[in-house]
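Number of protein chains: 4
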Amino acid sequence: MKHQFKYRIIYRDTDAEGVVYYANYLALFERGRSELLRDMGISLTKLKEEQNIVFAINRVECDYKAPAQYDDEILVTTEIERLSKARIIFKQEILREGKILVSAVITACALSLKDLRPKRLPPKLLKNVSIK
Amino acid sequence: MKHQFKYRIIYRDTDAEGVVYYANYLALFERGRSELLRDMGISLTKLKEEQNIVFAINRVECDYKAPAQYDDEILVTTEIERLSKARIIFKQEILREGKILVSAVITACALSLKDLRPKRLPPKLLKNVSIK
Amino acid sequence: MKHQFKYRIIYRDTDAEGVVYYANYLALFERGRSELLRDMGISLTKLKEEQNIVFAINRVECDYKAPAQYDDEILVTTEIERLSKARIIFKQEILREGKILVSAVITACALSLKDLRPKRLPPKLLKNVSIK
Amino acid sequence: MKHQFKYRIIYRDTDAEGVVYYANYLALFERGRSELLRDMGISLTKLKEEQNIVFAINRVECDYKAPAQYDDEILVTTEIERLSKARIIFKQEILREGKILVSAVITACALSLKDLRPKRLPPKLLKNVSIK
Numbered sequence: 332m333k334h335q336f337k338y339r340i341i342y343r344d345t346d347a348e349g350v351v352y353y354a355n356y357l358a359l360f361e362r363g364r365s366e367l368l369r370d371m372g373i374s375l376t377k378l379k380e381e382q383n384i385v386f387a388i389n390r391v392e393c394d395y396k397a398p399a400q401y402d403d404e405i406l407v408t409t410e411i412e413r414l415s416k417a418r419i420i421f422k423q424e425i426l427r428e429g430k431i432l433v434s435a436v437i438t439a440c441a442l443s444l445k446d447l448r449p450k451r452l453p454p455k456l457l458k459n460v461s462i463k
Numbered sequence: 332m333k334h335q336f337k338y339r340i341i342y343r344d345t346d347a348e349g350v351v352y353y354a355n356y357l358a359l360f361e362r363g364r365s366e367l368l369r370d371m372g373i374s375l376t377k378l379k380e381e382q383n384i385v386f387a388i389n390r391v392e393c394d395y396k397a398p399a400q401y402d403d404e405i406l407v408t409t410e411i412e413r414l415s416k417a418r419i420i421f422k423q424e425i426l427r428e429g430k431i432l433v434s435a436v437i438t439a440c441a442l443s444l445k446d447l448r449p450k451r452l453p454p455k456l457l458k459n460v461s462i463k
Numbered sequence: 332m333k334h335q336f337k338y339r340i341i342y343r344d345t346d347a348e349g350v351v352y353y354a355n356y357l358a359l360f361e362r363g364r365s366e367l368l369r370d371m372g373i374s375l376t377k378l379k380e381e382q383n384i385v386f387a388i389n390r391v392e393c394d395y396k397a398p399a400q401y402d403d404e405i406l407v408t409t410e411i412e413r414l415s416k417a418r419i420i421f422k423q424e425i426l427r428e429g430k431i432l433v434s435a436v437i438t439a440c441a442l443s444l445k446d447l448r449p450k451r452l453p454p455k456l457l458k459n460v461s462i463k
Numbered sequence: 332m333k334h335q336f337k338y339r340i341i342y343r344d345t346d347a348e349g350v351v352y353y354a355n356y357l358a359l360f361e362r363g364r365s366e367l368l369r370d371m372g373i374s375l376t377k378l379k380e381e382q383n384i385v386f387a388i389n390r391v392e393c394d395y396k397a398p399a400q401y402d403d404e405i406l407v408t409t410e411i412e413r414l415s416k417a418r419i420i421f422k423q424e425i426l427r428e429g430k431i432l433v434s435a436v437i438t439a440c441a442l443s444l445k446d447l448r449p450k451r452l453p454p455k456l457l458k459n460v461s462i463k
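Here the protein sequences line up with chains A, B, C and D, keeping their order. Take 332 as the starting number for the first sequence in this note's numbering and just add one per residue. Take 332 as the starting number for the second sequence in this note's numbering and just add one per residue. Take 332 as the starting number for the third sequence in this note's numbering and just add one per residue. Take 332 as the starting number for the fourth sequence in this note's numbering and just add one per residue.
Bound conformation, chain A alone (with noise of 0.2 Å):
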C-alpha cells in the first residue's frame, strides 16, 4: 500500500538559495504519514481520543539528492517498510518528474498518553500490513 500525493511548492517552502529548505520537506512526510494512515483507516485523532495512544516520531533518516524549487510540481509518496510491534517505519519520497529528490526513512512510535511508554501498534494498522 502505497500513498502519494501531488504538491506544488510555495515561497514558504524555500529558502533563499531558491531551493526547498531541508527541514520542511518533514512537513510534506507529517502529510503523508498521516494520509496513508487515513487510507488504511487509522485516524490519528480518534487513536488519540479513543485509545490514549499518540505517534512520535523516534528516527528520521533523510538524503537530498537534488533540490526542489520554486513552482516545481512534486510527488511525495509513502509507505510502511516495517512494522515491529510498536513502531511504523515509513519509506518516503519526494519526486519530481520521475526523479527522485528526497528519500528518507522515518521511524515512528506508538506512545500512551498516559506514560508515554512504547505502546503495541493498533490491531487495524497490523491487520493490514504484513509484519516482514
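No lab work stands behind these hints, which were simulated from the structure alone. Any given hint might turn out to be false.
If chains are identical, the list can't say which one is meant, so a pair holds when it fits in one copy or spans any two.
[What the hints assert, rightly or not] Calculated lysine to aspartate or glutamate pairs in the DMTMM-like style (CA-CA distance at most 20 Å, straight line): (1) Lys377 with Glu348; (2) Lys422 with Glu392; (3) Lys422 with Asp394; (4) Lys458 with Glu404; (5) Lys416 with Glu404; (6) Lys416 with Glu428; (7) Lys337 with Asp370; (8) Lys445 with Glu348; (9) Lys377 with Glu404; (10) Lys379 with Asp402; (11) Lys337 with Glu404; (12) Lys337 with Glu366; (13) Lys416 with Asp402; (14) Lys379 with Glu348; (15) Lys455 with Glu380; (16) Lys396 with Glu428; (17) Lys450 with Glu348; (18) Lys333 with Glu412; (19) Lys337 with Glu348; (20) Lys377 with Asp394; (21) Lys396 with Glu380; (22) Lys422 with Glu410; (23) Lys377 with Asp402; (24) Lys430 with Asp370.
Small disclaimer: the values here were computed from a predicted structure and weren't measured.
Start from chain A and add chains B, C and D according to the hints.
Frame of chain A; chains B, C and D shown alone:
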C-alpha cells in the same frame, strides 16, 4: 517599558526571493511579546497553570516597508501600546541599522481555558502598565 | 473571481495550545493568492523571468475569530478586492463548516527586479479585474 | 571546537502534542552550524560572494529521544565530527538540563554555484579542523 533583542537571519527565515518570508516575522514578534511579559514578571506558562489563562492573538496589522535578508542582523522591538480589560495591544518593529523594516500592531486577548471567553488581564500586567 | 481550496490541518500547522499557530495561516493564504493568479493566467514564475516583476507583500491585516485545530478540514478562499496601478488588495478567509475563522486583507505590490520600485501591474491582471 | 547556544522554546516551535515539532529542531541546528562556522572565521555569505561556494545539506540522521516543550530552555550544541574533501559532517545535539533530547549527524556538501558540483572545502575550514 520596551523589550528588544538582536537576531541574525538564517536560511529558515528566508524564501526564494532572497528575503525573509512575510509570515516569519510573526515568529520573531512572538518571542518579543513573550520576553517583554517575562521582563514584567509574567510567565505565560504559570499564567496558564495557575490561573487558567491563555493569550490568543486577535488581530495582526503588519506593514512591510523593506525586506531583511539572509545574514542580516536585525533588532526586534516590542512595547505595549495600550491595554483594555482583556486585551493587550502590542507595538512591534523590525529594524536594521536603525531603519524600520517591518512595523506591526498585534492584539492579544486573555482567555479563560474553561470556556475560552475573554478574561480580565492579570493584575501584574495592569499594575505595570497604565491603561491609556 | 474567487479561488478556494480545501486543506486539512496537520501537526506542522499547530502549536502547543492545540490550535493553528497564527503565522501559519499566512502560508495558506500565499497558496490561495498564487493559485488565484494562476487561474487568471498569471504565473509568478513567468512574470519574474519574462518581465522582471515580482510581488512583495506590503501589508497584512488579519482578524482571528476562532481557531482551527489539528485534523480540521478548512476552506481557504481568496479574491481580489481592489486593484490600483501597482497593487493588488486580496481578501482572504479561512472557513470551517461555513463559519469564518480567520479573515484577512493582504496587499501585494508589483516591483521591478531591477530597482525594486513599484511597477504597473501586468495587463492580464488588469484585463481580468475591473479597477474599482 | 564546539559551539553551543541557549534557546527558549516558543509556540512557533511546538505542535498540538505540546512538544517541539520534529522538523523544527532542524532550524535550530542550522543556526548552530552557521554560528560554529562563523566562530571559525567562515562567513557563508562571503563564501558565496567571493568564492561562489554554497553548502547544501546531503543527509540528516536524527534521533529523537525525548521531547522539548513550550518554555523549556534548551542547549543546542554543534561540532564537526569529520571532514572529507567536499563534505562536513556535523554532530549536533539538543539538551535540557544536561540530558540529550535530540541527537543528529548532518552532512553538508560544498557546491560550486556555477555547476552545482561538489567543490573542495575552503582552506580556512581545513586548517582549523584536522581531517580524521
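Q | Hint check against the structure, violated hint numbers in rising order | A | 4, 5, 6, 13, 19, 20, 21 and 24
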